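Dock chain W against the given chain H, drawing on the hints supplied.
Chains as they are written, first to last, in our numbering: chain H, 28 to 868; chain W, 10 to 156.
It is worth saying that the hints were derived from the structure and are not from the lab.
The structure presented is a predicted model; accordingly, all values stated were derived computationally and were not measured.
It cannot be assumed that every hint is accurate.
As the list claims (entries may be wrong) - Below, in silico cross-link-like pairs of lysine-lysine (DSS-like), each with a Cα-Cα straight-line distance of 27 Å or less:
#1 H/671 / W/135
#2 H/673 / W/135
#3 H/386 / H/479
#4 H/339 / H/323
#5 H/677 / W/135
#6 H/147 / H/90
#7 H/416 / H/492
#8 H/416 / H/436
#9 H/297 / H/323
#10 H/788 / H/810
#11 H/672 / W/135
#12 H/428 / H/416
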Amino acid sequence: MPNAPLTKMAVVGPALLGLALVVLCVMGFTFSADWQGLQLAYSEVVRADELRDINNLFLSTMKDAETGERGFLLTGEAQFLEPYNSSLLAIPILLDRFAVATKQYPEQFSRVQRLTRMTKDKFAELQQMVDIRSTKGAEAAIAIVATGRGKQSMDAIRELCAEIASYQTWQFLVRTNERQVKAERLMLVVVTGSIMLFGIIVVAAIVIRSASARQERLRAEIERSQVMLMTTFVSIGDAVITTDAEGNITFLNPVAQALTGWNQDDAMGKSLVLVFHIVNEHTRAVVENPVMKVLKNGQIVGLANHTVLMAKDGREIPIDDSGAPIRDGSGQMLGVVLVFRDITERRNAEDSLASSNAKIQNVLESITDGFLALDDEWKFVYANAAAEKILGWPKEQIAGKTIWQDFPKLLGSEVEANLRRVAADRTPAHFDSFYAPLNAWFELRAYPGHEKGITVYLNDISERKRSEMAITLSEQALRDSEARFRTAVQTMSEIVWTNNSDGQMMGEQSGWAAFTGQSFEESQGYGWAKAVHPDDAQPTIDEWNRSVAAERPFAFEHRVRRFDGVYRLFSIQAVPVRNEDGLIREWVGVHTDITDRRAAEAEISNTNILLRRSNADLEQFAYAASHDLQEPLRMVSIYSQMLKKKYEGKIDAEADTFIRFAVDGARQMDLLLRDLLAYSQATIEVVKGPATGVSAAKALQKALVNLNTAIEECGAHITYGDLPVVFMAEIHLVQLFQNLVGNAIKYRGEQIPFIHVGCRKEGTEWVFSVQDNGIGIEAPYLKQVFGVFKRLHGKQYPGTGIGLAICQRIVDRHGGRIWVQSEPGRGCTFLFTTAVGEQRV
Amino acid sequence: MNDTPVTILLVEDNPGDVYLVRLALQQSGLNFSLVEVSDGEEAMRYLNALSDDDTAPAPSFALLDLNLPRVDGKRVLERLKEIPKCSHTRAIVLTSSEYPADRADVDRLGADCYFHKPQDLEAFLKLGDLVVSMWSGESGAAAGSPS
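Okay, chain H solo, but in the shape it has when bound (with noise of 0.2 Å):
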């Protein structure tokens, strides 16, 4: 989960930031509005000390002007009058101040304006007493005083400055107190805020250092998977370009530098357009680069087909390609990434397959056999010309229909059963079958198919169907009593006919007549032979007089001319009935219509020879791939054995195995090779003459020799009895005995090997036998290793698995048997047998 960290950054951060705005916000308006307080509080203060300062000087300025009143009117002298007179020019400053100190206060205010009023009746009654005194002296001015009035005012305007006093100080005590609470509040304001700034703080400290921890961890690895990605580009097999979004390219990875030709400081930079430079395969036309195309699409895309890659040396390599866009995180397209490869190998793969495919419809269109491919569903996929004349239905017809349709009547028929079993069972079956609206007998050989499909092999027997039929059906005619004779004779398209005792013919003849359509007449006595070929006409009455005159049974062949005039090959049996007496009664004989017969023997022996001959060439064919393959085969095994003679212990352990295997893979090569060619040859030899008598004994010394080195190697004690001549070619004797000794040799067990090959006569076979006491095969397995390249063991028993192989078909081709007999770890005995005399081969 690399995205966590920032996440969680991105949440915690502004969170933290938050926090701290709003814990500062907090302290800064608590703080003003706080600090407002202790401001007023503070202003407050100052202004109770000069509202008692003015109070003061008030009192004091008021007592003066009445001390001076007083004291004029005592005495009437007018420097008494000077506080006064100073007094009455102080006083409405003072009274002014008040006003300006206690605005704020409304009570305080009203009472300064009270204190006003309260002034300027005192003035007004100060002065009338000094007017009083100058004008009416003091007694009138004494008597008022007396009075009280002026005490009286006085007083009030004392009790009022008090007033104002107490009240100042009582604010002042307020105003101190809401200081004090304020300034505590402050503090603790202050505190919490500090610590828990503080806090934001570690906790931001913290956050940050994970998340930069965090982000150089994915530095690292965002730089360690870059090293990765080149790596990977300059190492993988496929060629990589990469390009800017302008298609300039920035990156060749070594594959492309070697396919276009161009080197990594050559192209860099350039356009990709002409580095990687491709044309279509077939119509030279230059195919839009994928890149271009991605740029403009901004969709990956891949490379139309027959594409090939006009390298800068002017080599021409069929490439298939993609290209693909590079976005970053917000899909932004940063370039385009392409990537390529050479097809060549490929290409050249495709090309041969097709060739072989090609191969393998030019042999079925060209053999004789109809041959028809069937996939799951019953529908034709394949059909060849054979299979196109055979069912008289053009290919084209029959092509994506199923068989059911084109061959309604199979269906609920045997046909449909056994093709239906192959299908599901995948066994092959083969069967013949009658077709009734072509009127024909095929030979059917179905075999499961590619893909749960079946393939069918089918023949028109026909012809040889009906001959047959006709054969069995005649033959068991003449075994019938008179009168089914005498139906079969209408009814049966052989012929039967009765010649008198001289050989004569006489009488009604149905048969005959019906087949040559001669008359009656025309038939008689000799007559008949004007229906046979001229050619055979004469032969036939020679050795039909010969047997008639020494009465014994009659076999011919001759042609007879039809009514229509075409002549048929009939082979002839007749055979002399006698009466009690023994003498001659008449002669019975049957012409049984051969011309087909004939006709598919000879078309039978001729496929025969088309095999053989086939066969021939195979073996032909083994034999000289075998051998051309041994030339190259030689190249590698020696310059591998070189490499290990120069270089062997020189690089290093893995150089050295490799070298070792390369030997070692070659020396097994050229050992299959031989063997295959002794395979080959087994045959060859037996078809290039006759064999003549040759001593076995013989032979087997000869392969004894040839094992020399094997035997003393392990010190094998190898006897013989009686060996005969036998009519085998030597060269296949002597390879018989080695392979079937050098096994004995090779499989041995823990003992010394003790090898015993003996030979006794059983009816018309010799019968050879080859017995060890090694480690012997288990009965699973008895049959099983006479097969090509069959092998029981893993590399502990070196070999190639064609030893016995050859010894088969040299047994084969000699008309015996070859089979061995074994116990496990009891040893086995090799027994194989060939004809007591020359036999043909």
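For chain W alone, coordinates are given in the frame of chain H:
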């Protein structure tokens, strides 16, 4: 060994075998000079020129591959044997053929030795010893075929 190198004509189309023949001769210690010809046609041209030029010396040995492009090795052998001054040239046929008929043909054409190209490196290198032994006057026939 003489100071003058032994002239050896090698007619061989397989570069791998040319290398091996050269290596075999080098290892034998023989002082030799090798004329390499890589197909039958070229070999015929060489032999014709040799036949026309009286001063040109005949090679002491001719190592001939049988299976050559253009002109068959047997034809080259036949031509070699026709040239009078090559009558002392010893012809060694190098082949991988296993057809007994080939062996009979080259014997008839007068090859001095039949060397069956082996699958084994050491056996191939014995070709050098074979040439040396024939050069030292031992019987070429005695060296026989190592196959």
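Does the alpha-carbon distance linking residue 428 of chain H and residue 416 of chain H stay inside the 27 Å limit?
Roughly 18 Å between the alpha carbons, so the hint for residue 428 of chain H and residue 416 of chain H holds.
Take the C-alpha atoms of residue 297 of chain H and residue 323 of chain H, compute the straight-line distance between them, and say whether it is at most 27 Å.
19 Å, holds
Is the Cα-Cα distance between residue 416 of chain H and residue 492 of chain H 27 Å or less?
19 Å, holds
Does the alpha-carbon distance linking residue 339 of chain H and residue 323 of chain H stay inside the 27 Å limit?
26 Å, holds
Check whether the Cα positions of residue 677 of chain H and residue 135 of chain W lie no farther apart than 27 Å.
25 Å, holds
Check the hint pairing residue 673 of chain H with residue 135 of chain W against an upper bound of 27 Å on the C-alpha distance.
This hinted pair holds, its Cα atoms lying about 17 Å apart.
Does residue 671 of chain H pair with residue 135 of chain W here, judged by a C-alpha cut-off of 27 Å?
18 Å, holds
Take a quick look at whether residue 672 of chain H and residue 135 of chain W sit within 27 Å of each other, Cα to Cα.
Satisfied, since the Cα-Cα distance of roughly 15 Å is no more than 27 Å.
Need the status of pair residue 788 of chain H, residue 810 of chain H: alpha-carbon distance at most 27 Å?
Holds, because 24 Å separates the two Cα atoms, which is no more than 27 Å.
Satisfaction of hint between residue 436 of chain H and residue 416 of chain H, Cα-Cα up to 27 Å
Cα-Cα ~19 Å, so holds.
Given pair status - residue 90 of chain H, residue 147 of chain H, alpha carbons within 27 Å
15 Å, holds
Keeping to a limit of 27 Å between CA atoms, is the pair of residue 386 of chain H and residue 479 of chain H held or broken?
23 Å, holds
Figure legend: structure checked against the earlier numbered hints; every hint is met.
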